[in-house]
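J.: Spelled out from the first residue to the last, the chains are:
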Amino acid sequence: MVAPTQLQDGMIQTTLGEVPLRDLDVRTPPQPETEDVWIIARECYYKGDAFPEHKGTLVRRDVWVTVKRGQSAAGKGGL
Amino acid sequence: MANSAGLTTSFKQDLLNGLHAFGTSVVRGSTTADSFKMALYQTTASIGPSTTAYTATGEVSSANYTAGGAAVTNGTAPTTSGTTAFWTPSANVSWTNVSFTTDCALLYNNTAAGKNSVGSYTFSAQTVTAGNFTLTMPTNDATHALIQIA
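Residue numbers (numbering that gives the first Met the number 0), protein chains in the order written: chain D, 0 to 78; chain H, 0 to 149.
What the hints contain is simulated information worked out from the structure, not anything from laboratory work.
Computed from a prediction, not measured in an experiment: that's the story for all the values here.
Built from N, CA and C at the ideal position, the CB exists for glycine as well.
Be aware that a few hints might be false.
[Said to hold, decoys possible] In silico lysine to any residue, SDA-like type, Cα no more than 20 Å apart, as pairs: (1) H:K114 with H:S9; (2) D:K67 with H:K114; (3) H:K11 with D:R68.
[As the list claims (entries may be wrong)] Computed footprint of chain D on chain H, listed as stretches where at least three residues anywhere in the stretch have a Cβ under 8 Å from a Cβ of chain D: (4) 53 to 59; (5) 76 to 82; (6) 130 to 139.
Start from the sequences and build out the full structure, keeping to the hints where you can.
T.: Spelled out as structure tokens, the structure:
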């Protein structure tokens with residue numbers, strides 16, 4: 000089973016078009032968490048040889064925003 | 000300007016006026032439940048509790064993002080626990096292969112002629128780059144549901 004932040008082997012869509020997963024450095028940097036929201040971000044940096052001018056460049060970023068608690072009509076609606 | 004979170008004030012009034020129908024069966028003239036959508040906004044937008052309806056002003060723009068946002072799956076009827084009524088979409092809302100920066104999602108009634116607002120949900124600004132953006136819904140109970148009326 001592949002975790003949401005994992006990319007499956009194969010070609011991955013990026014700003015450079017589709018590139019092999021092996022050409023990407025995948026990171027999940029810590030994101031701010033509040034009592035109402037939890038965020039996960041997955042960042043892919045290019046490390047391949049096909050586009051040497053883009054080495055080290057962020058070429059894809061996915062985001063998951065989990066609403067831990069919604070809004071109440073009884074009080075403050077801030078997250 | 001900036002975005003802020005909260006069930007919109009107009010939504011509370013619209014509830015009293017019987018405007019919204021979240022249920023899978025409807026107790027009013029119409030025989031079908033309303034459909035709802037989530038739209039995403041830029042950090043410079045002014046979405047919040049004073050927002051009365053969907054607006055394209057300040058909405059994010061991207062390939063694979065359709066203006067007006069994405070449909071919300073409404074497969075669970077509103078229910079109660081104790082003195083609280085609540086409702087949560089029955090599925091997450093997501094966009095695939097998009098690029099934008101957002102910090103706010105507006106839930107609105109897409110069936111209503113006025114695209115009346117329901118609630119504004121904010122989070123720290125996030126940039127999506129040639130990737131997927133997913134809004135994961137909370138647990139549907141009295142203290143976590145997307146909409147709670149205590």
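J.: Each of the hints needs a verdict: does it hold here or not?
T.: A quick look at each hint next to the structure:
1. H:K114 with H:S9: 12 Å, holds
2. D:K67 with H:K114: Violated, at roughly 26 Å.
3. H:K11 with D:R68: 19 Å, holds
4. 53 to 59: Not satisfied, violated; 0 residues make the cut.
5. 76 to 82: With 0 residues closer than 8 Å to chain D, the region 76 to 82 of chain H misses the three-residue bar; violated.
6. 130 to 139: It holds: at least three residues are needed, and the region 130 to 139 of chain H offers 8 whose Cβ sits within less than 8 Å of chain D.
In this structure, the earlier hints numbered 2, 4, 5 are contradicted, and the remaining ones agree with it.
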